[in-house]
Amino acid sequence: VRVVESGGGSVQAGDSLRLSCAASGSHFPTRLMAWYRQIPGTQRELVASVRADFGDAIYADSVKGRFTVSLDKTKNTIDLQMTSFKPEDTAIYYCKLETTGPQYWGQGTQVTVSS
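In terms of this note's numbering, the sequence shown is numbered consecutively and its last residue is 1200.
Careful, some of the hints might be misleading.
Label-pair restraints from in silico Cβ distances [stated by the list, open to error]:
1. D1100 to A1145: 16 to 22 Å
2. R1116 to S1147: 23 to 29 Å
3. Q1188 to I1124: 20 to 26 Å
4. T1159 to Q1123: 28 to 34 Å
5. R1116 to S1199: 32 to 38 Å
Note that these hints are calculated values from the structure, not bench results. Idealized CB from N, CA, C, for every residue including glycine.
With these hints in hand, go ahead and build the complete structure from the sequences.
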């Protein structure tokens, strides 16, 4: 199973950026896909997730109103549109594929926000 993120980079506060993630090779149905982020030395935290069945999304309070997640369950891709960046959004962003069997993680993509 491959989970591949793309779109990270360095931005200024207030800028926008779009992350994309594509999952392939799973033999289990997708339950949900999600974006997490992690600052080195801290716990990985949920940014946003979308359930494959109902398409409902949940967001971390810290990103509500600024980030928008979208899932294409036919392609097993999930995008994260991020706007109004803050320096505290700096982190490694990880994509997660949760199936009815195992769950899988991508390798992560760095997002750095400078003030």
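Against the structure, the hints:
no.: 1; hint: D1100 to A1145: 16 to 22 Å; result: 19 Å, holds
no.: 2; hint: R1116 to S1147: 23 to 29 Å; result: 24 Å, holds
no.: 3; hint: Q1188 to I1124: 20 to 26 Å; result: 22 Å, holds
no.: 4; hint: T1159 to Q1123: 28 to 34 Å; result: 29 Å, holds
no.: 5; hint: R1116 to S1199: 32 to 38 Å; result: 36 Å, holds
Comparing the model with each numbered hint stated earlier shows that all of them hold.
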